[in-house]
Amino acid sequence: MKRFLFIVHRWLGIALGLFMLLWFFSGLVMVYSGSTAVTQQERLVHAKPISLHDASALLSVGEVWRLSEQQRSSAKFTSAMQSHDHDKQKASSIKLSQLKPKVIEARLTVINNSPVWQIEDDAGRHYALSALNGDIQNISTDSALQISKTWIAKEATPQVIKVVDKDLGTRMMMFDSYRPFIKVAIGDSAGTELDISSKTGEVVVVTTQLQRILAYSGEWLHYFRFLDSLGFSDYRKPILTWTSFTACFAVLVGLIVGWLRWRPGWFGTRIYNNGQVQPYRESWSKWHFWLGLTGGIITLTWILSGFLVNNPWEIFTKAKFSQQQLLQFQGGPLSSELLATLPEAILPKDMQTVELLMRTIGGQSFVRAYAAIGKSLAIGRHKQEEKEKSLLEAAQRLLPKAKIKDYVLITDYDDFYYPNHRKSLTERPLPVLRVNFNDSADHRVYIDPTEGRVLLKIDHSRRAYRWLFFALHNWDLGVLYSRPLWDVWMVIWSLIGLILSMTSLYIGWRRMKVSIKNCLARSGYQNKIKRLTNC
2 MKRFLFIVHR
12 WLGIALGLFM
22 LLWFFSGLVM
32 VYSGSTAVTQ
42 QERLVHAKPI
52 SLHDASALLS
62 VGEVWRLSEQ
72 QRSSAKFTSA
82 MQSHDHDKQK
92 ASSIKLSQLK
102 PKVIEARLTV
112 INNSPVWQIE
122 DDAGRHYALS
132 ALNGDIQNIS
142 TDSALQISKT
152 WIAKEATPQV
162 IKVVDKDLGT
172 RMMMFDSYRP
182 FIKVAIGDSA
192 GTELDISSKT
202 GEVVVVTTQL
212 QRILAYSGEW
222 LHYFRFLDSL
232 GFSDYRKPIL
242 TWTSFTACFA
252 VLVGLIVGWL
262 RWRPGWFGTR
272 IYNNGQVQPY
282 RESWSKWHFW
292 LGLTGGIITL
302 TWILSGFLVN
312 NPWEIFTKAK
322 FSQQQLLQFQ
332 GGPLSSELLA
342 TLPEAILPKD
352 MQTVELLMRT
362 IGGQSFVRAY
372 AAIGKSLAIG
382 RHKQEEKEKS
392 LLEAAQRLLP
402 KAKIKDYVLI
412 TDYDDFYYPN
422 HRKSLTERPL
432 PVLRVNFNDS
442 ADHRVYIDPT
452 EGRVLLKIDH
462 SRRAYRWLFF
472 ALHNWDLGVL
482 YSRPLWDVWM
492 VIWSLIGLIL
502 SMTSLYIGWR
512 RMKVSIKNCL
522 ARSGYQNKIK
532 RLTNC
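Everything in the sequence shown is counted per my numbering, starting at 2 for the first residue and increasing by one.
Some hints here could point you the wrong way.
To be verified - Computed cross-link-like contacts, SDA-like style, restricted to lysine to any residue with a CA-CA straight-line distance of at most 20 Å: (1) Lys155 x Asn113; (2) Lys101 x Asp122; (3) Lys103 x Gly135; (4) Lys376 x Ile347; (5) Lys101 x Arg454; (6) Lys319 x Pro334; (7) Lys350 x Pro50; (8) Lys424 x Arg454; (9) Lys321 x Ser462; (10) Lys388 x Leu399; (11) Lys376 x Val39; (12) Lys167 x Ser178; (13) Lys376 x Asp123; (14) Lys238 x Gly135; (15) Lys163 x Asp177; (16) Lys167 x Phe233; (17) Lys103 x Arg126; (18) Lys103 x Ser178; (19) Lys319 x Asn437; (20) Lys424 x Val207; (21) Lys518 x Leu506; (22) Lys319 x Lys101.
Simulated from the structure, these hints should not be mistaken for lab results.
Using the sequences plus the hints, can you model the full thing?
Written as structure tokens, this is what we have:
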């Protein structure tokens, strides 16, 4: 049995050594690469103020939605026809009701010195509609260059690189309704590039040359995204899942082998004849043995938790509510009152507003004005108790078969709601309304009381995922979460994993050469090669 374990570990190590090296290297890079998606705070800093002098010319959300109906219907029908070229009959059978969606959120912004309503409908589509006449704002490359100037220094000269549908920075599903993107290089010393939505004119991703290098050295390698570039995107997740599963088995077998070969001599047990506690004489094998013995548990923990990242075989529930559930949370589209509200009537006079947000939660209006400096102001005279009641009713609509057990407005993070080290604090705002349900899955929902958004969903399955992945892979755990202790922990164990993988590669390559040489000798090819060389 021991011999079998040794052979299994040896050949799995040879097969997976390079993958392990890539994982540890790219994982260490990812620790400090960070996110390149534009946060709300960054968007507001670079936004232009809404002019109060011209506010009287601004149309309401309802008016621009009505004026743009023909353009939107034509655009959606054309898109449907293009996406169903193999079945034109199916595309042409789209119901008229599907071409008349409702507004669920509206934001008044300024794009290229022109006021624009950024609107999301109940199908998750985004539109940029002129607040002056309701026209759809199709963002051209020239427009993208003008937009980029709000993100650059005066001496920089922006240039359009290309139009892309998806790349490493914009691959995530949350960007689907913003595609395609116009990629603009702003011409600064950092090599900064902007991904600008051709549908809304918003900058969604900002990367410097260093960040792009880190992205390809980190995430691109770590998640096997090079397979997407090679045309194997459909097979990437299964390959990643089975490779990590096999790596778990290889590391586990290696731990068993290490423990079997370690003879510490405790309690009078025998050691090796040369007085050592391990059988290896060659330095590479010694390093591999000791690093595996000391770092094997952490390595196994990392590989096992990494195996869970893609939710293999859907053993965990989904991390977010569906679009339909979120619509139920809102309780319907924007109220007729908000649709008819003119911006001039609600724009604050004592604040330089760069964005005006409109949402409705169960008939309760959530209207907020934002300034570039991060200051925001709630519009309206609704009492806090009324808003809290509407949010609780909205939470009940998310899970209609469950009952609310308790709720509390929390002002500090807990074990499930917290910002991880690679994301901005603005992605986990405080305070939040934490609502617990008494259903069998023990659901918990975190809601932003300021904007009326669902921020996080937790149930039994996601609790398990939090401890099995975030705690054991990202080490968001107890005292280890605090910096710089977290950095020290991540760097030390990543370096141990790197060196362990390097020793595995070297030992495996050395063994492969011996095996190939023996195979050639047995087959007689080696003697033939020598005779040809001597001729």
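Of the hints stated earlier, which fail here?
5, 6, 13, 14 and 22
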